[in-house]
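Enquirer: Could you put together the complete structure from these sequences and hints?
full-length UniProt numbering puts the last residue of the sequence shown at 203; the count rises by one with no breaks.
The reader is advised that the hints may include incorrect statements.
DSBU-like cross-link-like pairs, simulated, lysine-lysine; straight-line CA separation at most 35 Å [to be verified]:
1) Lys-187 with Lys-130
2) Lys-195 with Lys-171
3) Lys-164 with Lys-195
It is worth saying that the hints were derived from the structure and are not from the lab.
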Amino acid sequence: MGAAIAPPPSLQENSTVVSEKSALANVAAYGSSSVAAKIMAKYGFKDGQGLGKQEQGMAVALQVEKTSKRGGRIIHEKEFMMPPPTVPSPPPQTSEPSITEIMKSPSKVVLLRNMVGPGDVDSELEPEVKDECNTKYGDVVTVVIHEIPDVSPEEAVRIFVEFKRIESAIKAVVDLNGRFFGGRQVKAGFYDFEKFQNLQLLG
1 MGAAIAPPPS
11 LQENSTVVSE
21 KSALANVAAY
31 GSSSVAAKIM
41 AKYGFKDGQG
51 LGKQEQGMAV
61 ALQVEKTSKR
71 GGRIIHEKEF
81 MMPPPTVPSP
91 PPQTSEPSIT
101 EIMKSPSKVV
111 LLRNMVGPGD
121 VDSELEPEVK
131 DECNTKYGDV
141 VTVVIHEIPD
151 VSPEEAVRIF
161 VEFKRIESAI
171 KAVVDLNGRF
181 FGGRQVKAGF
191 YDFEKFQNLQ
201 LLG
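Expert: Below, the structure is given as structure tokens:
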């Protein structure tokens, strides 16, 4: 028979496996329920130090975050060491006036914004708007659609609806303001009658 080969150092009695007492002390930081913490402690892990010769490895035991009754996800140390990602704050928006504010200066002319986007204006839009407003709110005198270049998509198309009676216009604003139309939230308000008569449509 050939010469006996010495067992590797990891299997020898005087190997550097940490004593049970210090292993348990290390586990205390994670709570006795963490199996991963117990295993890491058994192999010499000390709280705050990374595993490996140069302590370059994991410094925190993997943890499970419960996501549902029967599921969860593993959280790696990098996830709770890194600061939360900074979400760029949205540009400050000019807050839309409340319906109470809008009602302070009613007019027979209703201005609808964000009903359609730039490039969505077609020959059917004007008769469609006129027909719907006639049916739901009262007699419509005229509908004027005005497109404005080089502005935000919400402001690019202005639809002016002139009603015969101010009551019809009020009903239209109350019903249409904030309503969704083709996935867009409509902004409805009153428009100065004299400006409309003079075709000052940018006010």
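Enquirer: Just to be careful, I want the Cα atoms of Lys-195 and Lys-171 compared with a cutoff of 35 Å; is the pair within it?
Expert: holds, 21 Å
Enquirer: Holds or violated: Lys-187 and Lys-130, Cα atoms, limit 35 Å.
Expert: holds, 17 Å
Enquirer: What's the verdict on Lys-164 and Lys-195, does the C-alpha distance respect the 35 Å limit or exceed it?
Expert: holds, 17 Å
Hint violations for this structure: none, all hints satisfied.
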